[in-house]
Amino acid sequence: MVELDTILAGFADAFTLYNLSFVLFGVVLGQFVGAVPGIGPIMAMAIAIPFTFGLDTLPAIAFLVGVNKGGLVGGAVPAILMNTPGTPDAAATALDGYPLAKQGKPLKATKMALFSSITGDTVSDIVLITVSAPLAILALKMGPIEIVALMIFAFSVLAGLIGNSLIKGIIAAALGLLVACVGQDPEHFTPRLIFGHWDLFNGLPLPSVAIGMLAISEMLRRMSMAHGNKVSSAIINLDTGNPNDQRVTWSEYWSCRFTLIRGATIGTILGALPGIGSTAAAFMSYAMAKGTSKEPASFGKGNIQGIAASESANSAVVGANLIPLLTLGIPGSVGAALIISAFMIHGLQPGPLLFTNQGQLVYGLFGAMLMANFINLWVGQIGLRFWVKVVSAPESIIFSSAILLCIVGVSMATSGIFGVAIMLIFAAIGYVMSSFGYSLVIFIIAFFLGPRFEKSISQSLALTNGDLAQILKSPVAVALLILSVISFVWFMRKNNQVNKADA
Amino acid sequence: MAGIGDRISGTFFLVLGLTMYLFVNPNYIESVNGGNISPNTFPNILSIIIAVCGTMLLFKPTTQQAPDLRSVAITSMYVLLLVVGLYAMSKFGFEYVAPVLAFVIMIAIGERRLHWLLLGIVGMPVLIWLLVTIVLGRALP
Chain A
433 MVELDTILAG FADAFTLYNL SFVLFGVVLG QFVGAVPGIG PIMAMAIAIP FTFGLDTLPA
493 IAFLVGVNKG GLVGGAVPAI LMNTPGTPDA AATALDGYPL AKQGKPLKAT KMALFSSITG
553 DTVSDIVLIT VSAPLAILAL KMGPIEIVAL MIFAFSVLAG LIGNSLIKGI IAAALGLLVA
613 CVGQDPEHFT PRLIFGHWDL FNGLPLPSVA IGMLAISEML RRMSMAHGNK VSSAIINLDT
673 GNPNDQRVTW SEYWSCRFTL IRGATIGTIL GALPGIGSTA AAFMSYAMAK GTSKEPASFG
733 KGNIQGIAAS ESANSAVVGA NLIPLLTLGI PGSVGAALII SAFMIHGLQP GPLLFTNQGQ
793 LVYGLFGAML MANFINLWVG QIGLRFWVKV VSAPESIIFS SAILLCIVGV SMATSGIFGV
853 AIMLIFAAIG YVMSSFGYSL VIFIIAFFLG PRFEKSISQS LALTNGDLAQ ILKSPVAVAL
913 LILSVISFVW FMRKNNQVNK ADA
Chain B
3 MAGIGDRISG TFFLVLGLTM YLFVNPNYIE SVNGGNISPN TFPNILSIII AVCGTMLLFK
63 PTTQQAPDLR SVAITSMYVL LLVVGLYAMS KFGFEYVAPV LAFVIMIAIG ERRLHWLLLG
123 IVGMPVLIWL LVTIVLGRAL P
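Residue numbers (my numbering), protein chains in the order written: chain A, 433 to 935; chain B, 3 to 143.
By construction, these hints were calculated from the structure, which means they are not laboratory data. Just so you know, not all the hints are guaranteed correct.
[Unchecked claim] With a cut-off of at most 27 angstroms between alpha-carbon atoms, the simulated DSS-like pairs for lysine-lysine come out as follows: (1) A:932 - A:733; (2) B:62 - A:932; (3) A:733 - A:722; (4) A:733 - A:905; (5) A:821 - A:932; (6) A:926 - B:62.
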């Protein structure tokens, strides 16, 4: 168990002015990019990772967490003002936010989104802080056999939940694992699939693959959509003359308390499971709020309960996403996968041992997350009027600048143009894969987990002397493998039903 | 035609899996005696999984459409532009190529407003130069 002095020292680290300034910078950047349709916090995190190399671990990761949290708040701005969600998570927010903005209450809508987001986020952070250390203790009892079984289970759930085809999910996972094989093999340390390029001896660089797949490929898609069209600016009238239209009163906030708690609970539970994500949480929370409302007909016409439901749920996912990451070392989303890559770049291996070896850092991160919520609230209150202007920035300047930042960032991270070339290759692969309906999320998570997965298989074989029947002696591994088979069969049947319905 | 996208990608992954298993893995992975798991075991298993799943997709596609050819052509043009830009950067340096690359991208997207063009061509490269070389003390590509 983590000692109390370690916990207090961690929180003390988070509350230093130096670390708080990076949280503040991350939140400001996150809200800014979240407000720009087409960028979003994931792309911003991918671009920002190389720029955190020179920082200590805590400010670097706290900065990235700030970007992620700020991005979810910023994502609601274009959803409400333009009916164009800055992030997919905010799509449910647009259902009631946009009608409310059209009624002349854009600031009331964006402020309700801000307060709901902070509420959901804070609840999930408290759950994360409370449950992660006990879960890590349980996870420490798991050996390589259980780790392999757990990863197989995670892949089966991810492949089934993300996208419309289990087969495509399996292909994306297998391809991610195959790409992770490039470099040294983890047991014999012989070169593998490097094709004479000794730059690849340590494997494909994480920043090149992550930024190419997540940032550049998405920019290529949006650039081809925007090609030849000058993006028109959105003109939004913020001042209607009625002060009540520009704020959320305490009674309005309090009337949403049950919706907020339910949204935060849904977001936390779904966020702790790999693959489901914040978009599903937001829509599920919205549907439940509408279903239990006395005035369901008012939903979709500017009901602040709808904004409260979706924003509290999608923001609660962020903190909960870190539960499997910190306790098991398994990222449940792309955001978590990017944070795991930041951990690895700084020489840390996320997982249960992190609490034992780097307890102070983990609790420093928790402290930074809590502070990020308060900073998010503060920056949001001040910045909302400014972010409203940001939504009108043209895509031409955003994409050209973001591409230059990606090139420079990857060049710094990989010490040269070779890494940038790999980034371009994976950008093209990412574009083609997503065009054909393959999940980049599964690919990236498999790529991150690949070396550990193979190493765990190797360790399992060493422990069992190659006798796979020994697995039966581990009830946890057997249970996880049975669950994997069940989820595989279930998702297969579900896909078949969906495909028959579509045909 | 519904499902054509999956038939195309299924064929590709079938060919990729078989190529990896039959040609690439045997030639580009060193064989080692002893140990618990040979260096080629994991890639071989994954190649087979990819080939099998590609075959399944070929014969049982979803309703996935093939991507729009116009979008693919435009994206290919942008990829080519980035490749040329990267090559030029390796020859002449970021400082000289970045403004030109930003200009071409902005013009291609359709931007014609002078203040935005100036911001993209001059403002952003200068800001990146300041951030990387002055603030972070690192070299530009």
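Status of the hints after comparison with the structure:
1. A:932 - A:733: violated, 34 angstroms
2. B:62 - A:932: holds, 11 angstroms
3. A:733 - A:722: holds, 12 angstroms
4. A:733 - A:905: violated, 58 angstroms
5. A:821 - A:932: This hinted pair is violated, its Cα atoms lying about 46 angstroms apart.
6. A:926 - B:62: holds, 14 angstroms
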